[in-house]
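Numbering (numbering that gives the first Met the number 0), first residue to last: 0 to 285.
These aren't lab readings, by the way, just hints derived from the structure by calculation. Only a predicted model underlies this, so the values are computations on that prediction, with no experimental measurement involved. Any given hint might turn out to be false.
Claimed, not checked - Here are the simulated EDC-like pairs of lysine to aspartate or glutamate, each with C-alpha atoms no more than 16 Å apart in a straight line:
id, residue 1, residue 2
1, Lys82, Glu63
2, Lys188, Glu63
3, Lys266, Glu63
4, Lys266, Asp4
5, Lys266, Asp20
6, Lys188, Asp4
7, Lys225, Glu238
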Amino acid sequence: MVISDLGLYGPESVTWRIHSDPSLAVGGLRALLLQALHPVAMAGVSANSGYRDDPWGRLQRTTEYVAITTFGTAGAAEEAASKIRRLHRRLTAVDPDSGEVYPVDDPSLLLWVHCCEVDSFLSTARRAGVRLSDADADRYVAEQVRQARLIGLTPDAIEVPRTSAELDAYFTDVRPLLRATRPAYEGLKLLSAPPMRWWVRWATPAAPSWGALVAMGFGLLPGWAKRLYTHLPALPGSEMTATASLRTLRAAVLALPASVREGPQLKAARARVAAVPIRRLESLPA
Numbered sequence: 000m001v002i003s004d005l006g007l008y009g010p011e012s013v014t015w016r017i018h019s020d021p022s023l024a025v026g027g028l029r030a031l032l033l034q035a036l037h038p039v040a041m042a043g044v045s046a047n048s049g050y051r052d053d054p055w056g057r058l059q060r061t062t063e064y065v066a067i068t069t070f071g072t073a074g075a076a077e078e079a080a081s082k083i084r085r086l087h088r089r090l091t092a093v094d095p096d097s098g099e100v101y102p103v104d105d106p107s108l109l110l111w112v113h114c115c116e117v118d119s120f121l122s123t124a125r126r127a128g129v130r131l132s133d134a135d136a137d138r139y140v141a142e143q144v145r146q147a148r149l150i151g152l153t154p155d156a157i158e159v160p161r162t163s164a165e166l167d168a169y170f171t172d173v174r175p176l177l178r179a180t181r182p183a184y185e186g187l188k189l190l191s192a193p194p195m196r197w198w199v200r201w202a203t204p205a206a207p208s209w210g211a212l213v214a215m216g217f218g219l220l221p222g223w224a225k226r227l228y229t230h231l232p233a234l235p236g237s238e239m240t241a242t243a244s245l246r247t248l249r250a251a252v253l254a255l256p257a258s259v260r261e262g263p264q265l266k267a268a269r270a271r272v273a274a275v276p277i278r279r280l281e282s283l284p285a
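Produce the entire structure from the sequences given, and follow the hints as far as they go.
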């Protein structure tokens, strides 16, 4: 019997547990806010991305990429990543301090984006109440090395963290390079108040609801990252408030039927899992 393609990770992976949880959306917003603190990486986004003209489209494409590479077949994941790699090869970023030009696919920049996503998805899931042991956390970081390979981080190019301790050490090492530049504040402003049709903004709760999600993502940033946004006022208790709000949101979404809260990639992946004989599925690596 032909075994269905379970993709890069499979249903027993920690990656499936975290990426199928409602907290992932807030983790994605946290990741964007953290990524913006690297001056060169943010300069590349500012110069090459269409987020100003189509912020919703940019968010949707990023969400779809994560879903495809997590739950899609191995072929679909490679195809999606190949498109990103081809795009990155044509783009550059200029260091706002030195004027030095970097390719967008410079390993150090790709590693920054990768580590921000892994740290954000993992820490947000844990803050949301997903039961993850320290061993689970290490396993997730190790699993995500496959994601790093997809975007072009080969072993001979740069070392990718494989444990939570290595991930923490990476952020400790990179922190002296980080600050909130003008493009970072511009990105935060646009993310907090993206364009909406007038009737959506004024006749529905969409605008305040979205603003609350972004505020939640900001509140979940590590303290050192929030302090780098020096032009923003300090918000006492924002970390505790963000955690409580996140848990409330997660509980509300989990109360919805799976048919409503699960995306098409996850549903398709579950269908492929159902087609795998139990005895073969149990033997597959997570």
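Earlier hints that do not hold, by number: 2, 6
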